[in-house]
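Trainee: Residues per chain are reported as follows:
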Amino acid sequence: MGDAGGLVTSPDLLSVAGAAPPEPTTENHWLQVALAHKGISRRRFLGFASAMTALLALPAAMTPQIVNALETKKKPVVVWLEFQDCAGNTESMLRSSNPPIADIVLDALSLEYHETIMAGAGAAAEKVLSDHVAAGDIDILIVEGSIPTADGGVYCTIAGKTALQHLQEAAAASKLVIAVGACAWDGGFPRLGPTGAVGVGDVIGNKPLINLGGCPHNVANTTATIVHYLTFNSAPALDQYNRPLFAYGHLIHDQCERRANFDAGRFVEAWGDEGHRNGWCLYKMGCKGPQATYNCPIVRWNSGTSWPIGAGHGCIACASPRFWERMTPFYGRLPDVKMFGVDANAQTIGLGAIGVVSVATAVHAGSVIARKARGRRKAAVAPDGTVHPTPEPTPEPIPAAPSDGTGTSA
Amino acid sequence: MANVVIDPVTRIEGHLRIEAQVDGGKVSKAWSSGTMFRGMELILQGRDPREAWIWAQRICGVCTTVHAHTSVYAVENALGIEIPPNARLIRNLIAGAQHIQDHVIHFYHLHALDWVDVTGALKADPAATAKLAQSISTYGRSSETQFAAVKARVQKLVDSGQLSLMASGYWGHPAYLLPPEVDLLAVSHYLDALEWQREVIKIHSVLGGKNPHLQTYLVGGMASAVDPNSPNVINWERLAFIQERIKMMRAFVTDVYKPDVLAIAPLYKDWFGIGAGHKNYLSYGALQDGLQNDQAKFGFQRGIIANGDLTKVLPFDQQKVTEAIAHSYYTYTGSDTALHPYDGQTNPKYTGPTPPYESLNLGDSDQYSWLKAPRYDGMPMEVGPLARMLVAYGSGNTAVKGLVDGALHALGDVPAAALFSTLGRVAARMLETVYLLDLMDGWLAQLMTNMENGDLTIHDGSKWDPSTWPAEAEGWGFHEAPRGALGHWVKIKDQKIVNYQAVVPSTWNAGPRDEKGQTGPYEASLEGTPVADPTRPLELLRTIHSFDPCLACAVHVVDAKGQERVRVEVR
Ligand code: SF4
Ligand code: SF4
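Line by line, the protein sequences are chains A and B.
Residues in the first sequence are numbered from 1 upward in steps of one, following our numbering.
Residues in the second sequence are numbered from 1001 upward in steps of one, following our numbering.
Because the hints were derived from the structure by calculation, they are not lab data.
Just so we're clear, the structure is a prediction, and the values are computed from it rather than from any experiment.
Glycine included, each C-beta is placed from N, C-alpha and C at the ideal position.
Be aware that a few hints might be false.
As the list claims (entries may be wrong) - Ranges of calculated distance between the beta carbons of each label pair, as one might list FRET restraints:
(1) A:Gln165 to B:Ser1467: 49 to 57 Å
(2) B:Asp1343 to A:Phe232: 51 to 59 Å
(3) A:Gly136 to B:Ala1399: 51 to 59 Å
(4) B:Gly1140 to A:Gly47: 22 to 30 Å
(5) A:Asn233 to B:Gln1318: 56 to 64 Å
(6) B:Ser1160 to A:Glu169: 24 to 32 Å
(7) B:Gly1161 to A:Gly136: 15 to 23 Å
(8) B:Ala1002 to A:Gly205: 32 to 40 Å
(9) B:Gly1161 to A:Leu46: 28 to 36 Å
(10) B:Gly1161 to A:Asn68: 21 to 29 Å
(11) A:Gly205 to B:Asn1347: 29 to 37 Å
(12) A:Phe232 to B:Ala1399: 55 to 63 Å
(13) B:Asp1494 to A:Gly136: 54 to 62 Å
Generate coordinates for the entire structure from the input sequences, incorporating the hints supplied.
Mentor: Here it is as structure tokens:
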């Protein structure tokens, strides 16, 4: 990854005018096809596998195992159901670059049902779904959108059947269920409306479930989760919300490129002011990074191009539990953020810190190093959803909660 | 009685059900039903108007950005804020990129399979395909090797027995008319467009932090700070990155999308005579190049074309917008007459069949949709690229006039009236995409000039503090989303939202009948559509998809009953 003025650009930017998207090949193995750039397919494939190893925070020695598993798998049957959704998670999936989306949906997985992009419609589409439900042969069921449970489920019907009925039938026919996006995970914003909207985990009993929150999900994490599942036949380590720790185990604030400015007490005070133009900390503008876990700052969006704080707006904690309720008002300041092990609150923050660190030269040059040195603190998420950064050493992964309605770990 | 049902209508956003009565091989009546409801507007009540855009953006993730854009304009309109030029330019660049990317995705990934038989590609000769491709375009990926590889890929998919997304298409349907080589060409570009779209949309990640659901709007401007010399914000390097992607847009649109539409459309020329509907077209206008309401500087003109009369563009007045609910699952307190959005209410009241059901209740007084029925001065209106191009054409927009006349000529000198059709929508969407390329270049150039001249303002903060607001205010924000006219109406009292209504493109187009029994645009345009095989109603999909339905947008409304919210973390 190169760094161009703060923008991470992928090394092989596609140029439509010149050369070009990957040439499809007749090779059989899905990820090789997926990564087939002329002549260097094998190298890129191995690159992908080691990138996955890194993202999943696995030891590098695991890479061969991933390679092996991915090269020999048959195409798993995937069904993607949409309920009370905005298709934002589908759009996020369409932005996948590693592997490219065409390779995922044509070569890697057999995406048999996905309303937004499948060729068939109406009865022909429903038959595909009901055949898989009857055969019980769905490898991975991906769900986008919340499930309305009020008033007999009339707030979302597909082919005359309620979302709830569709979900329960399909889940029973699936080995693994993955909820993508805030709505499918915990009901999202529709939870606040009158339709009795709930998340997948609330209605599928003990089915193995992985929750990939975010508004929308970041497809890089979803791909990595699926790769892990296909390689090891198990979910990656999960927290009590059934979220993979590799993606949801670290505070945004601890991984943020503006953190050195926070520590130095350099804050944006007004939109477009000098601090804003210099990329200072957005805490005073309402940033929720200190209370939010996600690997957003590392994975970023759209093939690692940027992320919201990088573009100049605070984090809204879109991957946190019930963030629409707990993180609003979005422009309000988080109280009681810890600095240097001392409690500081919205009023005092920024006052004391400037004098402490002499950063004038160090911040810019050293922010990456500083970030590395600080390491990535694991954060624990309490049942009420608050985040408690914990000091080193990092704790063991939190076991899945018992029957709190979020399902059990895969 | 309906005897053809399509549910789910796929390759759209959201949940749409179409029922139709087919007599003697033609549709005589059709019903359009939205089958999902969430309740966004209730949820907005009582909130800080400055964050409404973050919520409203979640109305739709396909037309992401458009609700954020319209929401901030609505609140700015209410509070009397004019945003700085740089913020306007950044919003326009985001909106233009959204249109261009969305239209290409619509053509190749949502609509093409209604016209292109993927299995037809298996019979194609790659050499002949290359020859054909090279005869219509200079696009680089047009070699025999390229097409042979795509053909092999399709063959492999078929041989695997796991057809994935292609499993349930109406392949072999008699209404597919393309020669195999055109099928193969289109499949190849379907795959290329998948790559292209994720690359060009990086414009959104630079300016908005991410796509979907950009995160840099602000009431009063944008949060994407600009400074040519700062490494951490929008600087020369990032602008160059954007410029590169605008070039990619131009290359793909002019070398692939446009030639493909112009090559495929003549092979289906009957469809220039099918799918017209009411022939009433509405554009709110958008893409301001000056003050919020300076219509002379809109990139998309505002106005109405009624009854297909292109000689007159009628003025538009937002006061004449109403929403009827006679056939929708809602009630109004008081009487059920149509309401203007400022006074809009929506009390959900489902009266449809108990699920699981086989058919909707479609009697004259029955309700059958979660969509309301928007009307302008009591008339149903089609919105979208065709409406915009027609209004611009009728308003004398010379660039649009040149594009439209050129296309009519290229399609075999068809009359302008041919645009009132299913294929007219497809052609207009393409022409609009071409039109936007120059606007994109212009906005980027202006932004660069401003920054060069030292104008680094991106936000007007004079009304950021809610204590500066009047006790009560109301405003409307408008936009032309990829799918058509979009309006948000907001009422603010004591620094909080008291009413919020969005009337969105797909509600205009996909809405049901009104109290007078007037059909909505989908319903009207389906009438007369030929149906060769009622068990495989491919032809209905063509007309429905030509509108580019977006149903999550269309159903988003709810009543005023408050709901207790927990706010523990923030103060
Ligand atoms: S408060 Fe926000 S912007 Fe500041 S360092 Fe933390 S995460 Fe980054
Ligand atoms: S910065 Fe925060 S709100 Fe924004 S996408 Fe990342 S996790 Fe979500």
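Trainee: Now tell me if each hint is right for this structure.
Mentor: Each hint tested on the structure:
1. As the Cβ distance of A:Gln165 to B:Ser1467 is approximately 51 Å, the hint placing it in 49 to 57 Å holds.
2. In this structure the supplied range 51 to 59 Å holds for B:Asp1343 paired with A:Phe232, their Cβ-Cβ distance being about 58 Å.
3. With their beta carbons about 57 Å apart, A:Gly136 and B:Ala1399 fall inside the hinted range of 51 to 59 Å.
4. Separation of B:Gly1140 from A:Gly47 is about 25 Å and conforms to the stated range, judged on CB atoms against 22 to 30 Å.
5. For A:Asn233 and B:Gln1318, the hinted distance range of 56 to 64 Å is satisfied, since their beta carbons lie about 58 Å from each other.
6. For B:Ser1160 paired with A:Glu169, a C-beta distance near 26 Å keeps the hint of 24 to 32 Å intact.
7. At about 18 Å, the CB distance of B:Gly1161 to A:Gly136 agrees with the hint of 15 to 23 Å.
8. Against the hinted window of 32 to 40 Å, the Cβ-Cβ separation of B:Ala1002 and A:Gly205 comes to about 37 Å, which satisfies the hint.
9. In this structure, B:Gly1161 and A:Leu46 meet the distance hint of 28 to 36 Å, their C-beta atoms being roughly 29 Å apart.
10. Roughly 24 Å separates the CB atoms of B:Gly1161 and A:Asn68, a value that falls within the hinted 21 to 29 Å.
11. Take A:Gly205 and B:Asn1347: their Cβ atoms lie about 34 Å apart, and the range 29 to 37 Å holds.
12. Between A:Phe232 and B:Ala1399 the CB atoms are about 57 Å apart, so this pair conforms to the stated range of 55 to 63 Å.
13. Between B:Asp1494 and A:Gly136 the CB atoms are about 56 Å apart, so this pair conforms to the stated range of 54 to 62 Å.
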